[in-house]
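Here the protein sequences come in this chain order: A and B. So in the numbering used here, spot 58 of the first sequence is number 58, and the numbers just go up one at a time. So in the numbering used here, spot 262 of the second sequence is number 262, and the numbers just go up one at a time.
Do not take every clue at face value.
[Claimed, not checked] Looking from chain B toward chain A, a few residues come up when the C-beta cut is under 10 Å (computed):
| # | residue |
| --- | --- |
| 1 | Leu178 |
| 2 | Ser179 |
| 3 | Ser206 |
| 4 | Arg211 |
| 5 | Asp285 |
| 6 | Val294 |
| 7 | Pro299 |
| 8 | Glu362 |
Simulated from the structure, these hints should not be mistaken for laboratory data. Since the structure is predicted, the reported quantities are computational estimates derived from the model, not experimental observations. Don't be surprised by glycine CBs; every beta carbon is placed ideally from N, CA and C.
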Amino acid sequence: MTGLARLAISDLEVSFGSRQVVSIADLRLDNAEILGLAGESGSGKSMTTLAVLGLAHTVGATVSGSITLDGQELTGLPQESLRDFRGRRIAAIFQSPSTAFNPVYRVGSIVTKALRLHGATKSEASDRAAEAMRQVLLSPDLMRRYPSQLSGGQLQRVAIALAVALRAEILLADEPTSALDVTVQAEVLDLLRDLRASIGMSILFISHDLAVVAELCDRVAVMREGLILEQGPASQVLSAPAHPYTAELLESVPKLASTT
Amino acid sequence: MTAEPELTAGRDLTAGRDLTAGRDLTAGRDLTGTPPLLQISNLTVRFGPVRAVDGVSLDVAAGPFGLGLVGESGSGKSTIGRAILRLVRTSGGSIKFAGEDIGSLRGAALKAYRRHAQIVFQDPDNSLDPRMLIGATIAEVLRAHHVVPRTAITERVAALLAEAGLDPAFAQRYPHQLSGGQRQRVAIARALGVQPRLLVLDEPTSALDVRTQAHILKLVARLRSEHKLSYLLITHNFGVVSELCEQTAVLYLGKIAEIGDTKVLLRAAAHPYTVALRSAVPEVDIAGRRSRIVLPGDPPDAANPPSGCVFHPRCPLAVDRCRTEVPVLRDAGPGHQVACHRAEDVLAGAEMPTRRRPPAIERPEAAASSELS
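Produce the entire structure from the sequences given, and follow the hints as far as they go.
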């Protein structure tokens, strides 16, 4: 292991009773790296996210093994200590931003409330919220609206703004663009790339679509039935997959025929 | 235009002709004189102040034939699909199936039409009754339309499931016991039960994993040739229509921006929006990766559409004329029409602001850790 790894997972096992759904020997996210975790429904990729967030128990799963952030062990930490990591240092965005926000609060108050929970003063919170909205290229005017008044793409940006406002170092992005139009998806991918470049955010990007992974990620790990089948630099895995399953996923991406 | 001559023409000409011979499609129109299976003229659908569909004309040729409807959320693509099935009330224009105006169909004639045209929705979770066994769900349709004698229903259900690539034993399962892809196959099997001539596929794979999507698209391709199906494939992703649709219409805010041969639209689109949509499709080929055209802003509010060309606030090529004058659909080549004042410039390769996709950052130590575990 080099000194660069921010998030390191080793010998991680997640189980429901006797059924093991994740078994990862080694997975690491380096500083300012975008790592793609590719797999289909049921591959265990989302359970891995929950385990990293310390939330696997909320769905009835048990976790063993090690998950470290900058060398500090996260598994086994009491929930109160985890809360400082979750949100502030490790943020997460999900497929459906419309279900991630409380519909009765205005967007601005959702962001400032989260900042206040993590210790910001009132004026600090509103300044940082406005600044984060600018960073994700949203008009601060949108903060006065309710979640239902925003498009899916705008809501996903708000979710990312929340992570930026909290100065999260690690972003777990679980299928964040799967429910979006391709045009909006492309904009969200640009935004994630920008955040990596501007604030050095490390991103674990989870997707079933290897084309999206190819667009964004430096490195790829391919997951099936809880196991990582192969991992390596995106250029290598996607051009010369070592595992037939990776090849099949690649083959499934719709081809734009007859282009010049 | 009176309905009567259309009706006769439709009935006489569709019977017993080789519809594929000599077909030259001009924006869905068949120059052999064979009327299209489905003819949408100047369709308008309003929801209160919103014109969800605003004067759309489209033809769908007799099968095997695929027409792609491509656009973002709010483009009106799904509303068109629903209007074809008479699932929404139209505010203007007409939809003719085999020459007959479907808006005037009542009673038995409407029921007969529903045998000819079927729809498959994006989310099979909502279109299948969770309390009904799969077999009962399909049998219900067969019974309602008296497709086969009662005694043959079980056998037909099994055959339909097999045709959709499912184990006939699935008839005894409930929807929740199936995966998303399997449920979508059930929805397709149910639609095929009445032996339709026209299928509306409304984002049939958007909720599915890419590998499952590929399997469903393969199934559509097989059914298309086996049943000489005509279909509308509604999607926001150009990649999905590229192999399954001869023609594609690109929709923006309820209007057709461009329509033509899918290959032509992918290779030489004449509308900046088409070029941008196509450039947004993610691709695996990292070396051949192209720059993406940046469209500023979100699609506008349909209740309050922009003046002139509805696309002008986001268009990188907009000039003064675009802000005031509504572009009409005009010819851009054989079988190719576009609604854009600057189509000639687009075809000539006018530059649009792009964003390069930066290469991945590779670290030597990361490369060294590449492994098969």
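Hints, one by one, checked against the model:
1. Proximity of leucine 178/B to chain A is violated relative to the hint, the smallest CB-CB distance being about 12 Å (cut-off 10 Å).
2. The restraint placing serine 179/B at the interface with chain A holds, with a minimum CB-CB distance near 7 Å, inside the 10 Å limit.
3. Annotation: serine 206/B was flagged as interfacial toward chain A, and the flag holds, the nearest CB pair being 8 Å apart, inside 10 Å.
4. Hint status for arginine 211/B relative to chain A: holds, with the closest Cβ pair at about 4 Å, below 10 Å.
5. With a least beta-carbon distance of about 8 Å to chain A, the hint placing aspartate 285/B at the interface is held under the 10 Å criterion.
6. Because the smallest distance between the Cβ of valine 294/B and any Cβ of chain A comes to about 8 Å, under 10 Å, the interface hint for this residue holds.
7. The criterion of a C-beta within 10 Å of any C-beta in chain A is met by proline 299/B, whose closest approach is roughly 8 Å, and the hint holds.
8. Checking glutamate 362/B against chain A: minimum C-beta separation of about 5 Å stays under 10 Å; hint holds.
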